[in-house]
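Quick note on numbering: the sequence shown equals residues 362 to 668 in our numbering.
Calculated directly from the structure, the hints in this document are not laboratory data. Careful: at least some of the hints might be erroneous.
Taking CB as the label site, the calculated pair distances span [claimed, not checked]: (1) SER642 <-> GLU587: 34 to 42 Å; (2) VAL517 <-> ALA446: 38 to 46 Å; (3) THR638 <-> VAL484: 56 to 64 Å; (4) SER457 <-> GLU412: 15 to 23 Å.
Being a predicted model, the structure only gives us computed values, none of them experimental. In this text, a Cβ means the ideal position worked out from N, Cα and C, and glycines have one as well.
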Amino acid sequence: MNASAAVLLIHSLFMAQAASPAPSPTAPWTPMTRRLTVGLQSPRSATPPPEVRISPGMGTLLLFDTAVARAELEGEKRFTRIRLAGDTLTLMPSTSVEDSEELQLTVHFADGAAPASATFRLVPHPTLADRQVEVHRQARSADSLHAELIEKEEEVRRLREELARMEAAQSLPDGLTGMLATKHLDKNGVRALWLAGQLVRHPRNALNVTYATTYRAATQVAVAVECEELRGGAPWEARGATLVPREGTALRVLRVWQAAPTTAGMVGQLIVEAEATNTMSPGPYTLTVWAAEGDKRSVILGNVMFP
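Starting from the given sequences, assemble the full structure and let the hints guide the process.
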């Protein structure tokens, strides 16, 4: 290659490099909007407050779906700006926030619903701040909380009564003596009523019910259901039941008993015991017995009468 050709080649390369676009600078880190959900927590299942990252000199914007009355910020001196406007809180940390540990932020909502406040952990990071955080609050009204409280109190009352009965039963004799001592049996004894043809059987019952016998004592009633055929391949085991009259309030079921899960070709029995009252109707009742969770097969009997 002669000198003139070399000069021409160098000139061409230089011009091509000059004409090519300059490489674009690396795009800065663009933080995504984070979304957090806050709500009431049970003391037993309490989890740590949600985390929000903050960085020196970078503003963090918290957007709430409920107006905020006030905010309490731990280490306020480490922030150059703290501004609350309705449902928006702006935080601007100073350089001193780098040397701090986690700080705590608590906001108090203005509408009076529950939860009344929400707490967050502010975690310092040199650069990766959460620039915008949307906070969704799962609010509960006072009426809703009051209804749930009443329901829980009733459940606790029932459990205490059941515990008291169990503890009392441990110190009492078995058999008729125990029933007489607890006044479950009075001078009328136990009355029985055999039910067969008058029973109304649901066409999709899990078990082929042959007959049932109802019993009534001083404080309890019971339905003993006899069956001889299982419909469906999987074993079936009774887990819960209801006794609902045509008119009035359902009886309180005390226990559902089955010796073993019913399998194909097996003759079985299940017993449902409920609380009797002086004002309870003799019937007719509808007895519904269901299996374990996930098993949709059930046994439904109508026109159940008590003696």
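Consistency of the hints with the structure:
no.	hint	verdict
1	SER642 <-> GLU587: 34 to 42 Å	violated, 24 Å
2	VAL517 <-> ALA446: 38 to 46 Å	holds, 44 Å
3	THR638 <-> VAL484: 56 to 64 Å	holds, 60 Å
4	SER457 <-> GLU412: 15 to 23 Å	holds, 20 Å
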